[in-house]
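Colleague: Each chain is listed here by its residues.
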Amino acid sequence: MTIRIALRNLLHDRVRLAVTLTGVVFAVVLIAVQGGLFVGFTQATTCVIDNTEAEIWVASRGVRNFDVTHPLPPRKFHQILGVPGVGRAERVIVRFANWKKPAGGRESVEVVGFDPGSGLARPWNVPAGAMAALKLPDTVAVDALYLEKLGIAGGKGVGEAVEIGDRRARVVALTSGIRSFTTSPYVFASYENALRYTGMEDGQCTYVLVRPAPGVAVEALRDAIRRNVRDVDVFTREEFAGKTRHYWMFTTGAGMALLIAASLGLVVGGVVVAQTLYATTMDHLAEFGTLRAMGAPGGYIHRIIVIQAVAAALVGYGCGIVVSFFLVDLAARGGASIVLPPVLAVGLFFLTVVMCVTAGLVSIRKVTTIDPAMVFRGA
Amino acid sequence: MTAGETLLEAKGVAKTFTLGKVEVPALRGVDVSVRGGEVCLLMGPSGSGKTTLLSILGCILSPSAGSVSVMGRDTAGLPERELAKVRLAHIGFIFQSYNLFPTLRAVENVQVALDLRGVSGTDARDRALAALASVGLADKADVLPRDLSGGQKQRVAIARALVAEPAVILADEPTAALDSETGRAVIALVRELAVTRGSSVVIVTHDPRIADFADRVVRIEDGRIVANGEKTP
Ligand SMILES: Nc1ncnc2c1ncn2[C@@H]1O[C@H](COP(=O)(O)OP(=O)(O)OP(=O)(O)O)[C@@H](O)[C@H]1O
Ligand SMILES: [Mg+2]
Chain C
1 MTIRIALRNL LHDRVRLAVT LTGVVFAVVL IAVQGGLFVG FTQATTCVID
51 NTEAEIWVAS RGVRNFDVTH PLPPRKFHQI LGVPGVGRAE RVIVRFANWK
101 KPAGGRESVE VVGFDPGSGL ARPWNVPAGA MAALKLPDTV AVDALYLEKL
151 GIAGGKGVGE AVEIGDRRAR VVALTSGIRS FTTSPYVFAS YENALRYTGM
201 EDGQCTYVLV RPAPGVAVEA LRDAIRRNVR DVDVFTREEF AGKTRHYWMF
251 TTGAGMALLI AASLGLVVGG VVVAQTLYAT TMDHLAEFGT LRAMGAPGGY
301 IHRIIVIQAV AAALVGYGCG IVVSFFLVDL AARGGASIVL PPVLAVGLFF
351 LTVVMCVTAG LVSIRKVTTI DPAMVFRGA
Chain U
1001 MTAGETLLEA KGVAKTFTLG KVEVPALRGV DVSVRGGEVC LLMGPSGSGK
1051 TTLLSILGCI LSPSAGSVSV MGRDTAGLPE RELAKVRLAH IGFIFQSYNL
1101 FPTLRAVENV QVALDLRGVS GTDARDRALA ALASVGLADK ADVLPRDLSG
1151 GQKQRVAIAR ALVAEPAVIL ADEPTAALDS ETGRAVIALV RELAVTRGSS
1201 VVIVTHDPRI ADFADRVVRI EDGRIVANGE KTP
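Protein chains in written order, with my numbering: chain C, 1 to 379; chain U, 1001 to 1233.
Do not take every clue at face value.
[What the hints assert, rightly or not] Cross-link-like lysine-lysine pairs, in silico, DSS-like; alpha carbons within 30 Å at most: (1) 366/C <-> 1021/U; (2) 149/C <-> 100/C; (3) 156/C <-> 100/C; (4) 1085/U <-> 366/C; (5) 101/C <-> 156/C.
To be clear, the hints were calculated from the coordinates, so they are not data collected in a lab.
Let the sequences and hints guide you as you build the complete structure.
Modeller: Put into structure tokens, the structure is as follows:
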């Protein structure tokens, strides 16, 4: 019966119900989109790291993130190779460079140079056959998402001749879904080609990626490299990914902005819902007074208000999440990266319920102060 | 409920409202008791304290002095939570403006009284339908209050007040919004249903014609009982 009373109360004033639901939907969509941007952004900052097979990353001392750091001198690579327990080590280049479009105009790109032969740090989502082509001189792979931006959309990308860092380059393979979180798309090339595109000296690199020899523990090897090689920072893959994420999310304020926008959605949505639920309760105050007079326990009336809030949350969340997934889909086609993983969707569900019930508490305060004697005063 | 036993009793009840710095004495020492199966009318001029007394008898207002006992239980000093339990267990209310739930159908309005007491499901619906039938509204079970006449609404309210068979029925001007014929019919119905069950009934009214249905008339003026028993208009 409490459920029936609650639902009828909600349905009684359709306009107000619409406002309530709009408030919930607004909050859900805003939080989902901002939260999804946050997750997408977070994932994008470390997508190269996450997709490498190497367990250990070695960088120059003081590295703060994946994208911008000083090069390592050539001898570091050899010192690392000499550390007992190292199974394999490879040089990787990560550096911003200038991309000259065939039709003129320039774009900044982030060159990732790796060894196409072994592939501790190879581009993923690239057809196996195309990897071989990257071993040839002056060849690169770019992501299909960025053909337009890179000015090579006309010829379907593959085969286009461009210049990177004033060196000739030919696109020989396309990756798919490798999204850069900066405005500079990734350009994958062999280590040798990348040296020239980035103007680095022979033997230099940005990172040395290491796999332990069989039977050697990752942490033990990491510590061994730290002891044996000076002036470098050594991380496990997860540590380096965490450091990079933390840098972009919290040092630059980009993540904070997204989180603040998401919490704003929560607050504004919560206030709208609190307002309308309160108004709904006020509309039916006489009935709550009657219930009180009839001897209804406090819990009975609270249940009605909580059910109103939960019902609004359920319907609002349902609509909101559908809209959100629609927007995610739309954004994916537009090149933005909003990621709405199930845990975010589920978490958002509980957040919505909590928001609505909290909003309902404002009304509960009101009904607990009703004087049941009002029933005889023609209220 | 045994007819003849005192079910409701007020002793030395006084009530003073404080409006800012002004003290308004609404009741100045009232003794009244109602037996099972008895219909008692509470009459008096406007502002004499009838509603105040009824609210105190119904345990929805606490007296400034004196005590009220319901079914032999002294309610003085009980916290609101306990008073609510007393109301739920023993008292049925009928209001001048019916106080039905506008969004609930007639039968659902009656069911609420059972739901509050933990009776639900088809059992509650059957009992609610039977209560509606007893007030002559079997065919209006699924009608919303807005589609009922005033007399029909008050009969739904009576069904709601009586469905859980409370020992005490309290009504504040239940006929004020009804034409006199409908009013008489409503009171006759309350009397018939309550008295046969041995409940105590207290009705506040301005309507002298209702006096025919009362066993006793209590007259109250300026917060004091001035007559108790005579059925003079
Ligand atoms: N909540 C309140 N606060 C202040 N004064 C009140 C309150 N309720 C009643 N009074 C005062 O107490 C007195 C008695 O009021 P009460 O409502 O009991 O009269 P009544 O006999 O029911 O009148 P009526 O026939 O007009 O309904 C009046 O003077 C009234 O103004
Ligand atoms: Mg009155």
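Colleague: Residue 101/C and residue 156/C: Cα distance at most 30 Å?
Modeller: Roughly 14 Å separates the two Cα atoms, so the pair holds.
Colleague: Keeping to a limit of 30 Å between CA atoms, is the pair of residue 149/C and residue 100/C held or broken?
Modeller: Distance of about 11 Å is within 30 Å: holds.
Colleague: Take a quick look at whether residue 1085/U and residue 366/C sit within 30 Å of each other, Cα to Cα.
Modeller: holds, 21 Å
Colleague: Verify the proposed pairing of residue 366/C with residue 1021/U, using a straight-line Cα cut of 30 Å.
Modeller: holds, 26 Å
Colleague: Residue 156/C and residue 100/C: Cα distance at most 30 Å?
Modeller: holds, 17 Å
The structure agrees with every numbered hint stated previously.
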